[in-house]
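Student: Sequence:
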Amino acid sequence: MQRPRGTDPFTLEIIKDTLVAIGDEMFVALQRTSKSPIIYEVLDYACGLTDARGQMLAQGQGVTGFLGTLGQAVAEVRGKFAGRLHPGDIIITNDPYGGGGTHPSDVSLILPVFFRRRLVAFMVNKAHWTELGGKDPGSWTTDATEVYQEGLVFPCVKLFDRGRPVASVLDLLAANVRLPDMTLGDLWAGVAALRVGERRFVDLCEKFGPAAMQRAIEHLLDHGEALTRRELRRLPKGVFEAGDMIDDDGIGHGPFPVRVTVTITDDEFVCDFTGTHPQVPGPINATRTGLLSSIRTIFKAVTGPLIPVNEGCFRPVKVICPPRTIFTAERPAPVSTYWETKAYAIDLVWKALAPVLPDRLTAGHFLSVCGTVISGRHPDTGDLFILVEPQAGGWGAGVRKDGESGLVCSGDGETYVIPVEVT
Numbered sequence: 001m002q003r004p005r006g007t008d009p010f011t012l013e014i015i016k017d018t019l020v021a022i023g024d025e026m027f028v029a030l031q032r033t034s035k036s037p038i039i040y041e042v043l044d045y046a047c048g049l050t051d052a053r054g055q056m057l058a059q060g061q062g063v064t065g066f067l068g069t070l071g072q073a074v075a076e077v078r079g080k081f082a083g084r085l086h087p088g089d090i091i092i093t094n095d096p097y098g099g100g101g102t103h104p105s106d107v108s109l110i111l112p113v114f115f116r117r118r119l120v121a122f123m124v125n126k127a128h129w130t131e132l133g134g135k136d137p138g139s140w141t142t143d144a145t146e147v148y149q150e151g152l153v154f155p156c157v158k159l160f161d162r163g164r165p166v167a168s169v170l171d172l173l174a175a176n177v178r179l180p181d182m183t184l185g186d187l188w189a190g191v192a193a194l195r196v197g198e199r200r201f202v203d204l205c206e207k208f209g210p211a212a213m214q215r216a217i218e219h220l221l222d223h224g225e226a227l228t229r230r231e232l233r234r235l236p237k238g239v240f241e242a243g244d245m246i247d248d249d250g251i252g253h254g255p256f257p258v259r260v261t262v263t264i265t266d267d268e269f270v271c272d273f274t275g276t277h278p279q280v281p282g283p284i285n286a287t288r289t290g291l292l293s294s295i296r297t298i299f300k301a302v303t304g305p306l307i308p309v310n311e312g313c314f315r316p317v318k319v320i321c322p323p324r325t326i327f328t329a330e331r332p333a334p335v336s337t338y339w340e341t342k343a344y345a346i347d348l349v350w351k352a353l354a355p356v357l358p359d360r361l362t363a364g365h366f367l368s369v370c371g372t373v374i375s376g377r378h379p380d381t382g383d384l385f386i387l388v389e390p391q392a393g394g395w396g397a398g399v400r401k402d403g404e405s406g407l408v409c410s411g412d413g414e415t416y417v418i419p420v421e422v423t
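Under full-length UniProt numbering, the letters of the sequence shown match residues 1 to 423, in that order.
It is worth saying that the hints were derived from the structure and are not from the lab.
You may find that some hints are simply not true.
As the list claims (entries may be wrong) - Mimicking EDC-like on lysine to aspartate or glutamate, the simulated pairs with C-alpha atoms at most 16 Å apart in a straight line are:
1. 300 x 268
2. 351 x 241
3. 318 x 267
4. 300 x 231
5. 318 x 268
6. 237 x 203
7. 318 x 225
8. 237 x 206
9. 300 x 241
10. 207 x 359
11. 300 x 225
12. 300 x 311
13. 300 x 359
14. 318 x 359
15. 135 x 146
16. 35 x 181
17. 318 x 266
18. 207 x 17
For clarity, every value in this text was computed on a predicted model and none was experimentally measured.
Please put together the full structure from these sequences, using the hints given.
Tutor: Next comes the structure, spelled out in structure tokens:
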């Protein structure tokens with residue numbers, strides 16, 4: 001791969017690595033300022049930055065299940081507010097059916113970055129907020145029958161307008177959640193992380209100039225694509241199929257057949273879920289965003305988990321699935337426990353490829369998040385408490401290694417259970 005003309009390779013590498021560091025610094029900033037254990041202990045969130053066109057440049061550590069969602073959140077903002085974004089704006093969205101949404105508890109905040117009055121980038125984070133209203137404490141449920149029972153939904157609206165908080169949005173949020181101090185604390189943590197990223201990106205623009213930045217961004221994306229395509233060419237070529245059954249939807253229906261056909265060529269990695277069961281009455285439905293994230297997760301695992309994440313890495317990926325399936329549900333289908341079905345999408349591709357990629361995939365993995373909500377009233381103070389966390393389980397063996405216990409689901413990535421000292 002040739003480097004762009006006009007910028008020396010050292011400068012390109014410095015800018016490229018600094019962009020990755022910005023994502024990591026935002027990640028730490030959000031963790032240190034959040035009020036929810038599911039964020040600062042479990043790490044159920046992700047931070048990233050895109051260019052002005054919404055292409056993901058870097059994403060910090062955290063939930064692999066958000067690999068396909070941050071860029072889509074930015075795309076929704078660009079589409080809705082085209083020409084109407086200003087310095088200091090921050091957009092909030094958690095709509096499962098738009099804006100890169102997954103379920104209402106996963107909230108995205110997006111900040112447009114301007115340099116010399118020109119839009120140059122977006123900072124974005126997505127975090128699981130412990131409380132967002134809905135019919136049950138913790139805001140997700142195993143028996144919802146429509147999305148309206150699952151919490152407050154923000155359809156891509158301004159949280160800050162030209163640097164000023166939109167008080168009506170904050171008031172609406174505080175009035176509809178059981179733990180407003182915790183929820184608003186998570187919101188302000190997300191805002192702080194965005195501003196850290198904005199400051200670092202503007203500093204970078206001032207140091208190197210917008211022309212060098214643009215060349216470095218193109219270099220970053222092309223570099224990610226080149227490294228990934230090199231690994232893709234090493235994969236076995238052909239058509240690989242797998243099927244399975246999802247047992248239950250939480251309210252007594254099931255089982256539901258799901259299937260995938262994976263086609264690998266030197267140029268493409270295509271996952272076709274045609275033939276999968278339609279969306280179901282219970283809350284295990286996933287949306288197309290969740291499906292895309294699943295395929296990006298397993299694709300990254302087999303082509304280069306150590307290659308830094310950016311949009312270029314996923315240029316060879318193509319996902320096919322008809323609308324209104326259990327993987328591509330549409331409003332008003334409930335989606336509280338979407339992660340269970342999302343994990344099945346990963347597992348189907350895993351199952352199809354494991355026999356031909358024994359050196360890259362283990363013999364299965366812990367398929368369920370086993371999401372847990374514990375809530376009640378403190379016996380001394382009477383205050384409401386809510387604890388939300390995943391549980392751990394076992395993964396299968398690999399070619400050169402025994403299986404392991406105490407690992408989280410593949411879609412959870414770098415997440416943890418909450419220490420007993422915190423609870």
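Student: Indicate, hint by hint, whether the structure satisfies it.
Tutor: Hints, verified against the model:
1. 300 x 268: holds (13 Å)
2. 351 x 241: holds (8 Å)
3. 318 x 267: holds (11 Å)
4. 300 x 231: holds (10 Å)
5. 318 x 268: holds (7 Å)
6. 237 x 203: violated (45 Å)
7. 318 x 225: holds (14 Å)
8. 237 x 206: violated (46 Å)
9. 300 x 241: violated (19 Å)
10. 207 x 359: violated (44 Å)
11. 300 x 225: holds (12 Å)
12. 300 x 311: Distance ~12 Å between residue 300 and residue 311 Cα, so the pair holds.
13. 300 x 359: holds (15 Å)
14. 318 x 359: violated (24 Å)
15. 135 x 146: Given that 16 Å is the threshold and the Cα spacing comes to 11 Å, the pair holds.
16. 35 x 181: holds (8 Å)
17. 318 x 266: holds (13 Å)
18. 207 x 17: holds (15 Å)
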